[in-house]
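Numbering (the UniProt record's numbering), first residue to last: 1 to 411.
Careful, some of the hints might be misleading.
As the list claims (entries may be wrong) - Calculated cross-link-like contacts (lysine to aspartate or glutamate; reagent style EDC-like; alpha-carbon spacing at most 20 Å):
| # | residue 1 | residue 2 |
| --- | --- | --- |
| 1 | Lys379 | Glu124 |
| 2 | Lys136 | Glu124 |
| 3 | Lys193 | Asp178 |
| 4 | Lys290 | Glu277 |
No lab work stands behind these hints, which were simulated from the structure alone.
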Amino acid sequence: MKQMNGMELAREIRKRDRNVAVAFLTNDHGLDYRIGQDVRIYQMADMLLQRTKENIRKLDPLEWGRAMGKTGVKNISLGTLLSFLSYAYVAVCARAGIFPVGNVLLYASSVERFTDAVQQFLSEYSQYCYRFAYLKSYADFLGSSDMLYDGTLPVEKRDDGEYEFELKDVSFSYPGTDQKALDHINLKFTVGKHYALVGQNGSGKSTLISLLCRLYEPTEGQILLNGMPIGLYDYQEYTDIFSVVFQDYQLFAAPVSENVAGGSEVDPEKLHKSLAEAGVLQRVEQMKEKENTWLYHEIEDGVELSGGEAQKLAMARALYKDAPFVILDEPTAALDPVAEAEVYETFHDITKGKTAVYISHRMSSCRFCDEILVLDHGKLRERGTHQQLVEQQGIYAKLYETQAEYYREET
1 MKQMNGMELA REIRKRDRNV AVAFLTNDHG LDYRIGQDVR IYQMADMLLQ RTKENIRKLD
61 PLEWGRAMGK TGVKNISLGT LLSFLSYAYV AVCARAGIFP VGNVLLYASS VERFTDAVQQ
121 FLSEYSQYCY RFAYLKSYAD FLGSSDMLYD GTLPVEKRDD GEYEFELKDV SFSYPGTDQK
181 ALDHINLKFT VGKHYALVGQ NGSGKSTLIS LLCRLYEPTE GQILLNGMPI GLYDYQEYTD
241 IFSVVFQDYQ LFAAPVSENV AGGSEVDPEK LHKSLAEAGV LQRVEQMKEK ENTWLYHEIE
301 DGVELSGGEA QKLAMARALY KDAPFVILDE PTAALDPVAE AEVYETFHDI TKGKTAVYIS
361 HRMSSCRFCD EILVLDHGKL RERGTHQQLV EQQGIYAKLY ETQAEYYREE T
């Protein structure tokens, strides 16, 4: 039988559905930090872990051995060379009369045992090196500070969505730099209001949202939920408050239904409603297995989505969660200004009664919001309605006029 090389073997394994989840979740994709934010907010860890365990149990031991045998090939080659040299030495010694010919079998048997022992040692050593790298990362993780997740205070379950957030003198600097991404922010999000968070790239918009979602901890100051520091709350219950579509959102090589439902049970009626509101139901209905269709070509029948379709599916996930605080962190940056404005206005209508934050560097997308917050170099410089900020002739007005002039020139 023809022996497959590494690439051929990888392609063969990817064709087998039962191996896909393991391959996807245990390679570099599964370790990508960008995936972590979606996994946390939508509490998908248990679902992904369960799927991995199920597929490991079904994994073909032979193929798994081949896939994991990359270092083993080197060990076998070295062992074969050692065995050849040892047998050659025995043959030369016997021919030279160093020991009787009758003892050749005895020495050959000793050589075989010695070679087996060396190969076993090399195999164990390579596995040790392989595992040590992962164990070191795991040990570093266990030794790291987990203050973000130490809270035990339950979040009050409220049908009225009365969750009020306040940032009190909040500053934040990323590790390795003294430059403040956020600089002494004082801000309160009033229940039920819709906010637009605007500013140029690097102004601190996404950083503020990351702090609010407890993906980072403030360097200075504190964030309060209904008057209590957010670090005191149970982390999982706290994330239940948010539905977020991140700028670098992630979808998984899994069925459409699981991508939308996240860590929740799949409710067919709720699923269809969310897909319809996000404007992607028709596309899903055209798929071979409809909502049970797998995404991406990680498996043979997987479906690739266009950028716009993927964005809508990510938004359907936020709608499905039906949380009281909705955040859109520039997920539509790849769309043209008109399309982005339409998406934001649709979400504005769907999320009435909820607190919502829309992040954009396009001023025209945020005119419908109750209040616009203008960030510049990490500071909250201006706040007010669209009309108020235009009349102030400040940063917002300048950005708005600059963009309006650019679009007029384009048309």
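Each hint tested on the structure:
no.	hint	result
1	Lys379 - Glu124	violated, 56 Å
2	Lys136 - Glu124	holds, 18 Å
3	Lys193 - Asp178	violated, 34 Å
4	Lys290 - Glu277	holds, 17 Å
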